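Enquirer: Taken in order, these protein sequences are the chains called A and B.
Taking the working numbering, I'd label the letters of the first sequence as residues 230 to 411.
Taking the working numbering, I'd label the letters of the second sequence as residues 36 to 526.
These aren't lab readings, by the way, just hints derived from the structure by calculation.
Careful: at least some of the hints might be erroneous.
[Said to hold, decoys possible] In the SDA-like style, the derived pairs of lysine to any residue whose C-alpha atoms are separated by at most 20 Å in a straight line are:
#: 1; chain 1: B; residue 1: K516; chain 2: B; residue 2: T498
#: 2; chain 1: B; residue 1: K312; chain 2: B; residue 2: W123
#: 3; chain 1: A; residue 1: K278; chain 2: B; residue 2: E216
#: 4; chain 1: A; residue 1: K278; chain 2: B; residue 2: K490
#: 5; chain 1: B; residue 1: K516; chain 2: B; residue 2: R465
#: 6; chain 1: B; residue 1: K490; chain 2: A; residue 2: Q353
#: 7; chain 1: A; residue 1: K278; chain 2: B; residue 2: A211
#: 8; chain 1: B; residue 1: K312; chain 2: B; residue 2: F333
#: 9; chain 1: A; residue 1: K278; chain 2: B; residue 2: V208
These figures come from a predicted structure and were not determined experimentally.
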Amino acid sequence: MDHEIIQPPTEQPHPPRRVFFRWLTSAAGAVAAALVSVPFVGYLFQQRKQSVHWVALGKVAEFPFGETRTVAFDNPLRQPWDGVTAHTGVFVRREGPGEGAVDRFLVFAVNCAHLGCPVSWFPQSGLFMCPCHGGVYYANGQRASGPPPRGLFHCEWRVVDGNLEVQAPHYPTLHDTLDQTT
Amino acid sequence: MNHLLRELGNWIDVRVGYSETLLPMLRHPIPRAADGPMGWWYVFGSASLTFLLIQILTGIGLSLVYVPAANEAYESLVYLDYEHPFGWFLRALHYYAGSGMVVMLLAHMTQVFLHGAYKYPRELTWMVGVVLLLCTLGMFFSGQILRWDPDAYWGLAVAGSMAGRVPVIGPWVVHALLGSEIIGAAALSRFFALHVFVIPGALLTFLVLHLWLVLRCGISAPPAADRPVDPATYEAEYHEELRQGVPFLGDAMLRDLFFSAAAVIVVVAIAAVVGPKGPTGPPDPTLGGANPRPEWPFLWLFALLALSPPAAETFIMLVFPVVVIGILFLVPVVSNRGHRAPSRRPVAVLAVIVIYTTLGALTYLGVTAPWSPEMRAWTSAAIPTDVVERSSPLELQGSLVFQYKNCRNCHALEGVGGRRGPDLTTVGTRLTRDQLIDQVSNGTPGGGNMPAYGKQMSPAEMTVLADFLVSLRPSGQPPAKVWSSSPTTRP
Numbered sequence: 230m231d232h233e234i235i236q237p238p239t240e241q242p243h244p245p246r247r248v249f250f251r252w253l254t255s256a257a258g259a260v261a262a263a264l265v266s267v268p269f270v271g272y273l274f275q276q277r278k279q280s281v282h283w284v285a286l287g288k289v290a291e292f293p294f295g296e297t298r299t300v301a302f303d304n305p306l307r308q309p310w311d312g313v314t315a316h317t318g319v320f321v322r323r324e325g326p327g328e329g330a331v332d333r334f335l336v337f338a339v340n341c342a343h344l345g346c347p348v349s350w351f352p353q354s355g356l357f358m359c360p361c362h363g364g365v366y367y368a369n370g371q372r373a374s375g376p377p378p379r380g381l382f383h384c385e386w387r388v389v390d391g392n393l394e395v396q397a398p399h400y401p402t403l404h405d406t407l408d409q410t411t
Numbered sequence: 036m037n038h039l040l041r042e043l044g045n046w047i048d049v050r051v052g053y054s055e056t057l058l059p060m061l062r063h064p065i066p067r068a069a070d071g072p073m074g075w076w077y078v079f080g081s082a083s084l085t086f087l088l089i090q091i092l093t094g095i096g097l098s099l100v101y102v103p104a105a106n107e108a109y110e111s112l113v114y115l116d117y118e119h120p121f122g123w124f125l126r127a128l129h130y131y132a133g134s135g136m137v138v139m140l141l142a143h144m145t146q147v148f149l150h151g152a153y154k155y156p157r158e159l160t161w162m163v164g165v166v167l168l169l170c171t172l173g174m175f176f177s178g179q180i181l182r183w184d185p186d187a188y189w190g191l192a193v194a195g196s197m198a199g200r201v202p203v204i205g206p207w208v209v210h211a212l213l214g215s216e217i218i219g220a221a222a223l224s225r226f227f228a229l230h231v232f233v234i235p236g237a238l239l240t241f242l243v244l245h246l247w248l249v250l251r252c253g254i255s256a257p258p259a260a261d262r263p264v265d266p267a268t269y270e271a272e273y274h275e276e277l278r279q280g281v282p283f284l285g286d287a288m289l290r291d292l293f294f295s296a297a298a299v300i301v302v303v304a305i306a307a308v309v310g311p312k313g314p315t316g317p318p319d320p321t322l323g324g325a326n327p328r329p330e331w332p333f334l335w336l337f338a339l340l341a342l343s344p345p346a347a348e349t350f351i352m353l354v355f356p357v358v359v360i361g362i363l364f365l366v367p368v369v370s371n372r373g374h375r376a377p378s379r380r381p382v383a384v385l386a387v388i389v390i391y392t393t394l395g396a397l398t399y400l401g402v403t404a405p406w407s408p409e410m411r412a413w414t415s416a417a418i419p420t421d422v423v424e425r426s427s428p429l430e431l432q433g434s435l436v437f438q439y440k441n442c443r444n445c446h447a448l449e450g451v452g453g454r455r456g457p458d459l460t461t462v463g464t465r466l467t468r469d470q471l472i473d474q475v476s477n478g479t480p481g482g483g484n485m486p487a488y489g490k491q492m493s494p495a496e497m498t499v500l501a502d503f504l505v506s507l508r509p510s511g512q513p514p515a516k517v518w519s520s521s522p523t524t525r526p
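The following block holds chain A by itself, in its conformation from the complex (with noise of 0.2 Å):
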């Protein structure tokens, strides 16, 4: 099957009205391919606005001075179909009364700052240990040696009615911390 190819009419100007209308079809064009793609690219990349969720850890008096425990708990940030994924553990050191007799407490996320493994915490030498790449923190987070930039993230928290509460915590990065001061 022999198709002869069409060639275009000869130059010739085009009458005003063609032109309008291929401007037109251009614009609706566009106008059709932002308002389906300005929706979908929210879809996929804007982030939902979440509110805080405070959890309760237990009560002040349950964690020794001085000791590094860990708490499990269920992330509120979790949707209903996160199964085990959305179990979420930190680190709670209570350090004694600070400013007005109100108990002081540093609670770490487990994710080392260098990328994101689980650190484990070894009373016996007061030190937090990645498997990853061997990042080292001290009882206080500070960075004590290996690859990580700098030390553990720390949580925001709070005591309620003598509960130690703390701010759900998000997946933390090095520019998406968990706290405003470090």
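With chain A fixed as given, assemble chain B onto it according to the hints.
Expert: Just chain B now, kept in the frame of chain A:
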């Protein structure tokens, strides 16, 4: 019956026209030399394609059972492994055929590179091939995430941390990757969509383009040392060569078919013997004991990253892969003419040898990962008895401090224990007591690889630890000494 079939074929052909389009494509002539013994070099591309077909088949099969939801994915994988008829086999085959596809792609690319087949007019074929390699590696990474176990969870954590290092838009990239504030269901769904819709769609599209380019540019003849490529005359020479060519459809295909069949048999045997990979456990991040490893095609990058100084890390994470891909992509732009024969291209041959040696060495290091501490060595690896059988009570006490302070997690004794720091079996011959106390107290200067233990142990503990470390010498060897050359004694 035959007559009826032929009638039906004709009826369709009149409307579709395959005898004018598809058949000539399949019968396209290939250079006669490619049908000889040299033809065995040409089998890797079609073997990659065969593995891709197996991946599509097993992938569709797995999707009938696998649940891409964070709360049930692990359970559905366990069900596939242990209960669903042949579920274990499909999972194993999907993994090993995927691995085979990467191996065949690398072999195919290496052959094309060594034979200079990427030169004029096949530059774009090579570039599209690089895109296909990237798609395949993307399938490998996203597939590992779907194996919803601790490795998948912590693999996402590492990927998120790397993405978080991107300047300015880091947090935004992390969210785009994870789809949520925490690692969980949204991330799994994103990687499921990538693995099942987005990357396969791209892969098949570029594959069609790749095959079209192969047909349009023709199969390159095996390289001859006396026939360099000159774009001005190549088309005419190739056309001349094809006059004695042989049709692809027919005996010329036999080698491809035979090799593909053999490759499939090998992969099926491996899958049947070794069985499915994982899942290693439920993806509960509070279980601990995680030590995520990337899949084998990425182990070299993992090792390179671990061995690089912290100052270069962000560069190697974010920029280096782009540079490597860019170089691969631009290979035909750098040289698209001249000699094709490996005997005339020593630099190309050397490059292949250097690249594979480097990748092999880095992959080996990635498997052994000597930079990772042994988190349980302080309790699980006992002090070798011959080290302490003649120790004094203080030295014995020091050996307990050595274990108890977790030194063993990074330091081996007689090869057992962590390998992040040096093996200390004979450290007493290398460092004096003062040097040892300085090293243990202050760690590596500038916060390098060893933490400072000065505040982590009492003076008594430090004393006995130093006693123990000094005693770590082969019998008969004196402790290390320092040559002190006081300036006053000099003339």
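Enquirer: Each hint needs a verdict: does it hold in this structure or not?
Expert: Checked hints:
{"no.": "1", "hint": "B:K516 - B:T498", "verdict": "18 Å, holds"}
{"no.": "2", "hint": "B:K312 - B:W123", "verdict": "9 Å, holds"}
{"no.": "3", "hint": "A:K278 - B:E216", "verdict": "10 Å, holds"}
{"no.": "4", "hint": "A:K278 - B:K490", "verdict": "44 Å, violated"}
{"no.": "5", "hint": "B:K516 - B:R465", "verdict": "8 Å, holds"}
{"no.": "6", "hint": "B:K490 - A:Q353", "verdict": "12 Å, holds"}
{"no.": "7", "hint": "A:K278 - B:A211", "verdict": "15 Å, holds"}
{"no.": "8", "hint": "B:K312 - B:F333", "verdict": "17 Å, holds"}
{"no.": "9", "hint": "A:K278 - B:V208", "verdict": "17 Å, holds"}
Comparing the model with each numbered hint stated earlier shows that hint 4 is the single one that does not hold.
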